[in-house]
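Residue numbers (the working numbering), protein chains in the order written: chain A, 1 to 118; chain B, 119 to 506.
There could be a bad hint or two in this list.
[Stated by the list, open to error] Mimicking DSS-like on lysine-lysine, the simulated pairs with C-alpha atoms at most 27 Å apart in a straight line are:
1. B:Lys296 with B:Lys277
2. B:Lys277 with A:Lys87
3. A:Lys19 with A:Lys59
4. A:Lys114 with A:Lys101
5. A:Lys43 with A:Lys3
6. A:Lys114 with B:Lys323
Because the hints were derived from the structure by calculation, they are not lab data.
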Amino acid sequence: MGKRLLVVEDDESEGLYYKLALEREGYTVDVVDNADDALAYVKENPPDAVVLDINMPGKDGIEALGEIMAVNPELPVVINTAYSAYKDNFMTWSAVAYVVKSSDISELKEVLAKVLRG
Amino acid sequence: MDRAVAMVLAGGQGERLYPLTKDRAKPAVPFGGVYRIIDFTLSNCLNSGLRRIYVLTQYRSVSLHRHVLLAWNMFNYELGEYINLVPPQRRLGELWYRGTADAIYQNVYLLQQERPEYVVVLSGDHVYKMDYGPMLKFHMEREADLTISCVEVPRKESKRFGVVEVGADGRVVGFREKPSDPKPLFGCPDRSLVSMGIYIFTTSKLVEVLAEDVRTGSEHDFGRNIVPLMVAQDRAYAYMFSGYWRDIGTVDSYHEANMELVEPEPTFGLWDEEWPVRTYRPQLPPARVAGTVVDSLLSEGCVVEGGRVVRSVLSPGVHVHRGAEVVESVLFEGVEVGPEAHVHRAVVDKEVNVPPGDVMGVDPERDRRRFKVTEDGVVVVPRGMVLR
Numbered sequence: 001m002g003k004r005l006l007v008v009e010d011d012e013s014e015g016l017y018y019k020l021a022l023e024r025e026g027y028t029v030d031v032v033d034n035a036d037d038a039l040a041y042v043k044e045n046p047p048d049a050v051v052l053d054i055n056m057p058g059k060d061g062i063e064a065l066g067e068i069m070a071v072n073p074e075l076p077v078v079i080n081t082a083y084s085a086y087k088d089n090f091m092t093w094s095a096v097a098y099v100v101k102s103s104d105i106s107e108l109k110e111v112l113a114k115v116l117r118g
Numbered sequence: 119m120d121r122a123v124a125m126v127l128a129g130g131q132g133e134r135l136y137p138l139t140k141d142r143a144k145p146a147v148p149f150g151g152v153y154r155i156i157d158f159t160l161s162n163c164l165n166s167g168l169r170r171i172y173v174l175t176q177y178r179s180v181s182l183h184r185h186v187l188l189a190w191n192m193f194n195y196e197l198g199e200y201i202n203l204v205p206p207q208r209r210l211g212e213l214w215y216r217g218t219a220d221a222i223y224q225n226v227y228l229l230q231q232e233r234p235e236y237v238v239v240l241s242g243d244h245v246y247k248m249d250y251g252p253m254l255k256f257h258m259e260r261e262a263d264l265t266i267s268c269v270e271v272p273r274k275e276s277k278r279f280g281v282v283e284v285g286a287d288g289r290v291v292g293f294r295e296k297p298s299d300p301k302p303l304f305g306c307p308d309r310s311l312v313s314m315g316i317y318i319f320t321t322s323k324l325v326e327v328l329a330e331d332v333r334t335g336s337e338h339d340f341g342r343n344i345v346p347l348m349v350a351q352d353r354a355y356a357y358m359f360s361g362y363w364r365d366i367g368t369v370d371s372y373h374e375a376n377m378e379l380v381e382p383e384p385t386f387g388l389w390d391e392e393w394p395v396r397t398y399r400p401q402l403p404p405a406r407v408a409g410t411v412v413d414s415l416l417s418e419g420c421v422v423e424g425g426r427v428v429r430s431v432l433s434p435g436v437h438v439h440r441g442a443e444v445v446e447s448v449l450f451e452g453v454e455v456g457p458e459a460h461v462h463r464a465v466v467d468k469e470v471n472v473p474p475g476d477v478m479g480v481d482p483e484r485d486r487r488r489f490k491v492t493e494d495g496v497v498v499v500p501r502g503m504v505l506r
């Protein structure tokens, strides 16, 4: 069975896009659309990696990252955001990687492959 | 100094100082009569011009918070100066600090807000006088990622510390925390170079390493994890410090450091006009002496009605009655020593009345049945203990 990914993405169509594209890579993918559900998911059923959006209504991805790290510090979290400005925020530095969203998701695929290779 | 912030680690439990740390964090333990241990580090910051300070607290912090607010409420926020007390915020989870490095990591948002170029990591439980300015200059000149302040100690004592091995250019080439077989100094077989637990980090590198460390199962400790890692992979330098420095780890080292203040020519002077040590001073009348006081520190509000006080440190409001004898002892605020009582080599915490004729510090057997007695034979009377 493929590695399990949790994608945290508030935009429904983007979430679906990531799910389809990453499933094509052989991953098993679940999508949640907010930080609280992501945290509950990670606590109950830790995936092999998390792909985390930052700008979301309610709790943002930076806060979610801190909470995920507190529950499971060894779980690799890849930040996936449309904005490069958060790169400068120390709070994002505990993510294993920072990917700036684009319509071409080959960078995200490469990063995930690298992270999950271990 | 404008480019740096200080983070003072003041959260240690201080188990080896028990029972002095029963009700207070180690940095809040009284020292030298009128001071608390943390006053020395904070005075160093003030005198060095390092005036952006975070004090990271944790256990039993009420007394520490009160003291810092009373004594140190003098920084001007409008001029960009502050001293902020930071108890655990639990921003990154439910846990208390898991180690010294975790204490900084969990407060990384402070560094995010402030964006200093350098972070000076200090310990709230050291007694010393040090200008951090030259150390920061040293760090900047070498474009170091980490600078460790180091001091020479006899090799047999170095096992308690992180032992540093330095190359010819001052670069740290080896670091071992509490090694069983410490490396001697080059050309000096009975001395070793140890870390004082005082570090300057270039901020971005510090955050990078902390973020890396948090993903591992390490103890998240500077001495055990972060420093060895950075010595192996980054630019780490040793800054040599040669003045007086004491890590107040145990009741014995606490007692000894107090005794060093009452030597006829103290190794550690509190009388340096260039380097004043600040603290909170209560409004009390001058000390009144009718007995004999020799080689001692006598704080305001003390009354020595009679008897003898020799090589001792008396905090404010201590009352020594007629015929009493206090020798090589440290008496905390408001302690009463009754008539004809003998207090030898003891540390007596607040709110203790030594009854008339009571004797401590003379018969170890008897003392051990009543009190904690240290390896070196110092009697410790905890706060509020009722003696008959």
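Quick rundown of the hints versus the structure:
1. B:Lys296 with B:Lys277: Status holds; Cα separation ~5 Å.
2. B:Lys277 with A:Lys87: Since the Cα atoms of B:Lys277 and A:Lys87 sit roughly 42 Å apart, the hinted pair is violated (cutoff 27 Å).
3. A:Lys19 with A:Lys59: Distance of about 22 Å is within 27 Å: holds.
4. A:Lys114 with A:Lys101: holds (18 Å)
5. A:Lys43 with A:Lys3: Within the cut-off at roughly 17 Å; holds.
6. A:Lys114 with B:Lys323: This hinted pair holds, its Cα atoms lying about 23 Å apart.
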